[in-house]
Amino acid sequence: MTTLLDVDNLWVRFPNRTGVFDAVRGVSFSLGRERLGIVGESGSGKSLTGRAILRLIRSPGIVEAGHINLHGENLLEKSEAQMRKVRGEKISMVMQDPKFSLNPVMTVGDQIIEAYRLHAKASKAEAYKKSVEMLEAVSIRDADRVMKAYPHEMSGGMGQRIMIAMMLIPNPEILIADEPTSALDVSVQGQVLSIMDKLVKERGMGLIFISHDLNLVSQFCDRVLIMYAGRIVEVCEADKLHEAKHPYTQGLLGSLPRFDAPRDRLQVLTRDPAWREAPSVEARL
Amino acid sequence: MTTETQTLREWLLSETPTSRRHARLAAFYKGWLTLRANHMAMIGLAIIALLIGTAMFAPLLAPHDPFVQDLAFRLQPLGTEGHILGTDSLGRDILSRMIYGSRITLYIVALVVMIAPVAGLLVGTIAGYAGGWTDIILMRITDIFLAFPRLILALAFVAALGAGIENAVLAIALTAWPPYARMARAETLTIRSSDYISAIRLQGAGPMRIITKHIWPLCISSLIVRVTLDMAGIILAAAGLGFLGLGAQPPSPEWGAMISEGRRFILDYWWIATMPGLAIFTVSLAFNLLGDGLRDVLDPKDSTS
Amino acid sequence: MSDAISIQNLNVWFGEHHDLFQAVKNASLTVATGASFGLVGESGSGKSTILRALTGLAPQWEGQMSINGTDLTHKRDKQFYKTVQMVFQDPYASLHPRQSVDQVLSETLHLHGFKDIDNRVNKLLLDVGLGPAFRFRYPHQLSGGQRQRIAIARALAAEPKILLLDEPTSALDVSVQAEILNLLCDLRAEHGLTYLMVSHDLAVVAHMCERAAVMRNGEIVEIIEVADMRAGKTTHDYTAQLLHASANRVA
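Chains as they are written, first to last, in our numbering: chain A, 1 to 285; chain B, 286 to 590; chain C, 591 to 841.
Calculated from the structure, these hints are not laboratory results.
Since no wrong hints were added, every one of them can be taken at face value.
Taking lysine-lysine pairs in the BS3-like style, the calculated list, with each CA pair at most 30 Å apart, reads: (1) C:K751 x B:K498; (2) C:K713 x C:K751; (3) C:K672 x B:K498; (4) A:K130 x A:K198; (5) C:K713 x B:K498; (6) B:K498 x C:K668; (7) B:K498 x C:K665; (8) A:K121 x A:K198; (9) A:K130 x A:K201; (10) C:K615 x A:K99.
Next comes chain A alone, as it looks inside the complex (with noise of 0.2 Å):
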């Protein structure tokens, strides 16, 4: 597999009152045409790593890695002006919550058509067009309906696919999508999902899909990163994320209740200190 992006060795840090506190410690990955899965409990460093890559960390934190290679291009020595031109065209992110990702006074065609015209140079006409074809592209029925809604007239699963509609017209390589389906119900989760999955597979793009939930990375991604106190801990084949070896992914996965195995107690994570010290694992393809 052809290797799009690959991370060496990156560090989030934020100074603080009492030091420096590093939150992504020492991370290496590499993504290819595939899923990948980074999954990890709240303070992990997951969503971090994400936004890192794009260089969306605001000061007082620091980013610092090998390299954050694009095609053998190092986005760390890249201008702000043209990492702008990388976060559109290049690498896309989709967050947690349309409701805040969305402008609310603005109707969405408006901000679609805005968000092409900003990296295509095209007329009303043509952006609507294009516009159109995308919303229709997330399964978007009544599209041209759409374009007239303002967001807040939108429900939840809908607001998120056109997040996801706008965030793919650029035509971008890779997507970063962090908790895309957290707010949604179970029944439109699936439905986001399989939009994400088919566009994933049809245009070849590389896909980070950060998670909290081991059950939907386990049966959605190809590859699975598991991330413990800023650092991986595992990496594994997702369908094998039931086999895994590391404790904490095992404790991970015996404290979900089971629908199918019901059982008197929850199994209770404890934490071993030795894991926070254990070197992070590389997660190369």
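Position chains B and C relative to chain A; hints supplied.
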């Protein structure tokens, strides 16, 4: 024992306080550390401390009696022997008058702070929490006060009550409370529907307890910030009333009144009006800087991080 | 013996008279004393609203609700709050940001008229698996799981018999969720509590409850034994759909 080797600083920064007093002191100390990291706020605080010191020790600091006139030495320029900041049209030492004037400034500030925010907090939280007709009536009254230009309303009050510093303060306070009421109401509306208020309601707590013990502590921090930011305006309003002859009466060395007196000579003897003007400017700026710093410390939205 | 909770033909509305929204339509259910009953459904199905109507937080309701055989009126008295308590969904929002654990628990105990507050605070903290070391901490010094434990301690302070749980673990990590669910199981056994639990997660409800009501658009579509649910013996299509969606997350 670990407690013996623990320094006071470590004790204060402990994540596991051992008593109510300890917890409160620790929270206070952390706030202080945040404030201290903000250099501009510290400058503001230093100026205000200086103002309070000056007001307290005015008789010791002032080189002359602020009321003694010496017509032979009137309108002396800056740097005159014995009168560093010169003298005014009646030959009174400007520096001494400014030093005594700081007492009046502090007096005005203290009085307004005791009336306006408290009234605003009461009206705003009751209106916000009660809702319905109470809210409508209280807020329309607030709107009526807000609709008037502040200085005009104060002028009307002073005209009705008679000139003088107390009446000026009262007039300013009466015009200053509506914004606080609006703000307190807006905050109450968001706090009212939060889970922690629902939770205390489920313990059977009545509205008075919820307002005073649960809503006030959250409103007060933003109110304090707002008050320090408004302090500059209050000092200027008092000075404005003094300038118009409706505030402090001569020979009181109120800064606004001093400017008003100096106005007649402003082209030839600029320092008479400029010096008290600079004092007002500095103190206003100091309150503004401190207010900005306090906002960082007290904003409840930030305290979770 | 009368049921702990009995709800007959409950309707709940939100909003002012001109744009009234009916959140619960004609809901009926009973929970036996000592039982654990689940309410499942998607967001907006009205499951939390039933809890809020029970506790008096949603005042616009019609129908019949009774607790231990006593009918509820629109006004709740102190005795009600000594019998019924609630744990909220988001432990980050359910604790007053400016009050220490000690203040929260002491005030609650004071409101319920207890005298030996110091001992009781420490006992409550031990009950929920935290030590007295947590007593003087502020919410921002606590993790999500610890906050939820404090919220549970607050609910237990009045020594209630019925606990209403509104998605008590949906804001928490799975490992913390396991700890809290275990704690809730232990507390139920220890204090003989009756649970009415709302969740969108079928696996959590199946783990905690014996019986559950499935809700959609404000209506209860089916009340089903959890054992039947596990066996796939549903009578309503919607329940089957929900079961399918939560088992196969990727459609």
